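Listed here are the chains, written in short residue letters.
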Amino acid sequence: MKKYPEIDELIQAIVQGEAHLSVNLAEALIAKGLTIESIIQDGLTAALQSLNAKCTNEEFNLLEIVLAGRAMMAVMDNVIIRYLPPARATESVPEKTLVLGTIEGDIHELGKHVVKMLLRSSGYRVIDIGKDIRPEEFVERAIQQDAGYIGVSSLLTTTIPSIRRIKELLNKAGRPDIKVIAGGGAIQQTSRDDLNVDFVAQSAFDILNYLKNLQDEG
Amino acid sequence: MNSYERVLNSLKKKQTDRVPVVPEVFGVTAKAAGYSIYDYVTSPSRLAESQLHARRLIGHDMVFAFADLSVESEAIGCELEYKEEAYPVVRKPLIENLKEIHTLDLPDPQKDGRMPVVIEATTRLRDVVADTCIVAACVMGPMSIAGQLIGLEGLLYHIVDSPDEVDKVLDYTEEVTRSYGNALLQAGAHCHIIFDPVASPMVVPRDVFRRLELPRLKRLFREFKEKGSLVSWLSIAGNTKNILPFYRDANVELATVDYTVSIPEAFDLLGDIAVNGNLRPFSFVSSSPEKIKEEAKKCLKERGNRWGYLLGSGCEVPIEAELDNIKPLVEASLEFSP
Numbered sequence: 320m321k322k323y324p325e326i327d328e329l330i331q332a333i334v335q336g337e338a339h340l341s342v343n344l345a346e347a348l349i350a351k352g353l354t355i356e357s358i359i360q361d362g363l364t365a366a367l368q369s370l371n372a373k374c375t376n377e378e379f380n381l382l383e384i385v386l387a388g389r390a391m392m393a394v395m396d397n398v399i400i401r402y403l404p405p406a407r408a409t410e411s412v413p414e415k416t417l418v419l420g421t422i423e424g425d426i427h428e429l430g431k432h433v434v435k436m437l438l439r440s441s442g443y444r445v446i447d448i449g450k451d452i453r454p455e456e457f458v459e460r461a462i463q464q465d466a467g468y469i470g471v472s473s474l475l476t477t478t479i480p481s482i483r484r485i486k487e488l489l490n491k492a493g494r495p496d497i498k499v500i501a502g503g504g505a506i507q508q509t510s511r512d513d514l515n516v517d518f519v520a521q522s523a524f525d526i527l528n529y530l531k532n533l534q535d536e537g
Numbered sequence: 244m245n246s247y248e249r250v251l252n253s254l255k256k257k258q259t260d261r262v263p264v265v266p267e268v269f270g271v272t273a274k275a276a277g278y279s280i281y282d283y284v285t286s287p288s289r290l291a292e293s294q295l296h297a298r299r300l301i302g303h304d305m306v307f308a309f310a311d312l313s314v315e316s317e318a319i320g321c322e323l324e325y326k327e328e329a330y331p332v333v334r335k336p337l338i339e340n341l342k343e344i345h346t347l348d349l350p351d352p353q354k355d356g357r358m359p360v361v362i363e364a365t366t367r368l369r370d371v372v373a374d375t376c377i378v379a380a381c382v383m384g385p386m387s388i389a390g391q392l393i394g395l396e397g398l399l400y401h402i403v404d405s406p407d408e409v410d411k412v413l414d415y416t417e418e419v420t421r422s423y424g425n426a427l428l429q430a431g432a433h434c435h436i437i438f439d440p441v442a443s444p445m446v447v448p449r450d451v452f453r454r455l456e457l458p459r460l461k462r463l464f465r466e467f468k469e470k471g472s473l474v475s476w477l478s479i480a481g482n483t484k485n486i487l488p489f490y491r492d493a494n495v496e497l498a499t500v501d502y503t504v505s506i507p508e509a510f511d512l513l514g515d516i517a518v519n520g521n522l523r524p525f526s527f528v529s530s531s532p533e534k535i536k537e538e539a540k541k542c543l544k545e546r547g548n549r550w551g552y553l554l555g556s557g558c559e560v561p562i563e564a565e566l567d568n569i570k571p572l573v574e575a576s577l578e579f580s581p
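First to last, the protein sequences are chains A and B. Counting in this note's numbering, the first sequence runs from 320 upward without gaps. Counting in this note's numbering, the second sequence runs from 244 upward without gaps.
No wet-lab data here; the hints were simulated from the structure. Misleading hints may appear alongside valid ones.
Here chain A is said to cover these stretches of chain B; the calculated rule only asks that three of the stretch's residues, wherever they fall, bring their Cβ under 8 Å from a Cβ of chain A [as the list claims (entries may be wrong)]: (1) 324 to 337; (2) 395 to 404; (3) 519 to 531.
Model, not experiment: these values are computed from the prediction. Glycine included, each C-beta is placed from N, C-alpha and C at the ideal position.
Based on the provided sequences and hints, a complete structural model is requested.
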């Protein structure tokens with residue numbers, strides 16, 4: 320296979336949050352003959368892995384991740400999407416679909432936006448249902464959209480009773496198979512049992528890793 | 244030895260009868276006094292009464308003149324959404340284009356939003372406790388106010404895309420912190436706590452803290468001190484290990500550290516600066532009084548023989564916690580006498 324050293328520049332540009340440069344490098348690589356699949360696999364996915372490694376050390380911060388997410392989305396929206404039919408950009412199957420929202424009582428959305436960017440860049444179909452969302456709506460939308468997962472975001476521990484209800488409502492609706500993932504702010508101090516969810520994410524990458532592990536197991 | 248002497252002696256690294264207990268208790272004090280969070284954040288008498296009632300029940304060593312994180316942004320002009328049992332939140336950013344910052348007037352602490360509510364509560368608290376207990380006034384730091392005016396996501400992008408404009412926004416928000424802080428001091432506060440969650444290394448890299456926040460904190464604390472503030476206290480949550488070495492340069496005298504930084508690490512990184520912390524805030528909701536007492540004793544043990552330590556929570560005690568879960572801090576301090 321032909322080597323493209325510029326792919327490392329693309330990875331660097333994304334990790335450093337250089338959106339314009341990332342788009343230009345991706346375009347240049349395509350012009351040189353690199354396939355879209357390679358751009359995704361060796362460029363975007365490699366950049367995600369590099370960010371993931373960074374996320375586990377103490378230098379991780381929201382600013383860098385937001386910028387890298389913006390660069391990645393710029394490559395997706397301006398380059399990848401033009402070369403791929405929409406159906407291939409994201410897969411409309413439960414194991415690749417997540418309904419995402421901020422729970423009732425909270426209106427913070429930044430963490431949710433970061434998760435959305437990372438999951439979309441990784442080929443997931445993310446349905447963002449907004450902020451201050453009732454547990455019932457999470458469940459209704461997940462069933463309606465044939466989603467395999469519900470992602471619930473919150474900064475505040477006061478929302479815990481509402482988060483706990485999501486699983487109860489899923490069980491009542493006969494859909495215990497839909498996994499509930501919680502994350503954000505003060506929620507990181509809590510456990511799965513505190514929240515009655517399947518997973519409590521410490522970061523956006525934690526969600527990606529969790530989903531990947533589920534698929535590997537399945 | 245009263246609470247005032249206990250805290251001040253401890254800050255001066257002098258011996259005290261027990262380690263001072265200073266958990267960040269704000270809205271959590273309302274329920275025990277029979278009030279809702281809405282009552283607490285909108286009524287000076289209820290805010291003061293809640294703080295005093297909680298202190299009588301818990302026996303801790305400070306009262307706080309603080310309503311919620313949105314007092315400054317509301318006074319500037321942000322529209323808030325109020326709920327009965329939750330803190331108010333900013334509904335949407337006030338400005339989209341950073342150049343609009345020049346169109347905003349500085350809020351008048353005596354007139355705008357709920358600044359007068361907290362100012363009156365400060366005076367009420369000071370009238371009751373006089374000099375037996377410190378009245379700490381809490382103000383938001385420049386970066387967090389900017390995050391509310393622009394929206395956090397917008398602020399983060401602008402820090403990189405338009406740094407000069409962000410500097411001007413922060414000059415404005417620094418002035419808001421300054422004028423509100425001075426008004427609280429005049430109203431009777433003994434000292435200030437600056438909260439700046441957006442300046443946490445979890446949100447922005449260390450270099451951004453050093454460049455944008457540090458010089459502003461330095462000016463603010465110096466000026467508050469010149470005007471009579473007894474202690475310059477900074478409270479930034481999250482894993483702050485990589486910015487703690489900057490605190491001395493920022494004129495900080497007391498630092499709250501979160502549960503992600505151990506007490507010995509905090510002392511090592513802060514040098515002479517006193518330490519407050521670091522119980523996990525959610526423990527006060529999910530744990531039992533026995534376990535909290537154990538955790539508190541662990542903090543006291545970790546402190547070793549150092550003075551300049553105030554036992555407390557790593558961040559605000561959540562509003563849904565029970566006061567019975569805060570009392571064990573005082574019990575632990577009494578049982579673990581120096």
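TODO: Mind listing which of the numbered hints don't hold for this structure, in increasing order?
DONE: Per hint list: zero violations.
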